[in-house]
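2 protein chains.
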Amino acid sequence: MIKDKAVRKTAKGASTARVAQQSKLKTGARRHHDTNVDQILGSAASLFAEKSFGLASIREIAARANISFPRIYYYLRNKEELLYLIAKRGMERLLVSYPKRIEGVTDPAEKLRIFIENHVRLSTGNPSETKVAVQDTGKLSEPYLSEIRALERHYSMIFRTLLVEVAQAHGNELDRARSRVLTSLFFGALNSVPTWFDHARDAGRQQPIAAEIYRLFVNAV
Amino acid sequence: MIKDKAVRKTAKGASTARVAQQSKLKTGARRHHDTNVDQILGSAASLFAEKSFGLASIREIAARANISFPRIYYYLRNKEELLYLIAKRGMERLLVSYPKRIEGVTDPAEKLRIFIENHVRLSTGNPSETKVAVQDTGKLSEPYLSEIRALERHYSMIFRTLLVEVAQAHGNELDRARSRVLTSLFFGALNSVPTWFDHARDAGRQQPIAAEIYRLFVNAV
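Protein chains in written order, with the numbering used here: chain B, 754 to 974; chain G, 754 to 974.
Hint data in this document are derived by calculation from the structure and do not stem from the laboratory. Bear in mind the structure is a predicted one, so any value in this text is a computation, not a measurement. Be careful, since some hints might not be right.
The calculated lysine-lysine pairs, modelled on BS3-like cross-linking and capped at a C-alpha distance of 30 Å, are [to be verified]:
#1 G:Lys841 - B:Lys892
#2 B:Lys892 - G:Lys804
#3 G:Lys884 - B:Lys841
#4 G:Lys884 - B:Lys832
#5 G:Lys804 - B:Lys832
#6 G:Lys884 - G:Lys841
#7 B:Lys841 - G:Lys841
#8 G:Lys892 - B:Lys832
#9 B:Lys804 - G:Lys892
Covered stretches of chain B, going by a simulated chain G footprint (3 or more residues, C-beta under 8 Å) [stated by the list, open to error]:
#10 798-812
#11 942-951
For glycine and all other residues, C-beta sits at the position ideal for the given N, C-alpha and C.
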């Protein structure tokens, strides 16, 4: 039985043995299971974004995902696990795509530009997930919270390091206090995008928005 | 009887007659009433910030404000009214202090600097109120929501106009699309400050933080 292992293993981290076992399990049944997990996470994200994490119920999430109420417990233990998985997937999506997009790039300013564009593209492309990750991650309990915060710190450190490198390329030294404040302001601005990005009005405007953020921060150091 | 008029009149806007009546009522009893309202709003803001608007109860708010549970209903109708008053007071504080601080100032860049410093000072000085106003205003129903959104739009338009004037002073024209995006990014960065400002570590650092935000935006146009 592979009963909801895809969901339950995540908090503990995947051991090598478990990864090997999983790749063997990538059969039709497994793919069907993953599709259902995707559907549940998508429905949960949209309901959390609309009604708040506190007010959305598992029953409603099951209904939106077209999965029967008893059956949804085959895939998850509780609502918090859904919040954790939404936040985790969002961070992993960012952390996996950025290194791919900078392959072969050496200029720190160009890496910064790509970092911002990648984030704006992914966050506006997954608006509910992003809104939930930004607003509700703090409601997670341990060990979920620490795991997500570690991913966030890692991601934020990529930006902070890029900023220091851009300053060096400009012949400036960026001290710790300034790089910390600029990093916090940067994520404040960046995380606000999905809250005001209007998919009707701003369709196709991801690139100029990313360019505006890039100009603000590349000229700051 | 002046029973909770201080609270109840606000949603409708104060008529001239009501204002005249209120100033006559500024007696000892009235001042005592206002002090209790302040205490209730302060307790509500800290509880909403800690536990979320949804999870904090009127009973807990009364306990924290040192007011008996039945007696708190002398001052308010329901929890939503508290959220509305917290958001309204926060916006009014900003909208009242800024014009005073720019009296006699003509340089748009200097006005921008003062706008930012005023906001950072007030928002870090009232962290719970600010956190609640940013996170929970969207949970208000009508007519509360429209009233707060109108104050926010007015405040945001002050910034947007300053940005256009700063661009003109730099000999540039700022088009509508760019001023809109820059204004949204600005408030994203600005509203994030109370979420990461650490009163132990950052004590007295309001000024350099404001200066950092100022440099980002004054150089953008």
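Consistency of the hints with the structure:
1. A C-alpha spacing of about 26 Å is found between G:Lys841 and B:Lys892, which places the hinted pair at or below 30 Å, so the restraint holds.
2. Restraint check for B:Lys892 and G:Lys804: the C-alpha separation of about 9 Å stays at or below 30 Å, so the hint holds.
3. Among the hinted pairs, G:Lys884 with B:Lys841 is consistent with the structure: their alpha-carbon atoms are about 24 Å apart, no more than 30 Å.
4. Restraint check for G:Lys884 and B:Lys832: satisfied, since their Cα atoms lie roughly 25 Å apart, inside the 30 Å limit.
5. With a C-alpha separation of about 18 Å, the suggested pair G:Lys804 and B:Lys832 falls inside the 30 Å cut-off, and the hint holds.
6. Taking the CA atoms of G:Lys884 and G:Lys841, the gap is about 13 Å. The hint holds against a cut of 30 Å.
7. This hinted pair does not check out: B:Lys841 and G:Lys841 have alpha carbons roughly 36 Å apart, beyond 30 Å.
8. With a C-alpha separation of about 21 Å, the suggested pairing of G:Lys892 with B:Lys832 holds against the 30 Å cut-off.
9. Restraint check for B:Lys804 and G:Lys892: satisfied, since their Cα atoms lie roughly 9 Å apart, inside the 30 Å limit.
10. Residues of the segment 798-812 of chain B lying with their CB closer than 8 Å to a CB of chain G number 3, which satisfies the three-residue condition for coverage.
11. Taking a C-beta to C-beta cut-off of 8 Å, the segment 942-951 of chain B contributes 7 residues in contact with chain G, enough for the three needed, and the coverage statement holds.
Going down the numbered hints, you'll see the structure goes against just number 7.
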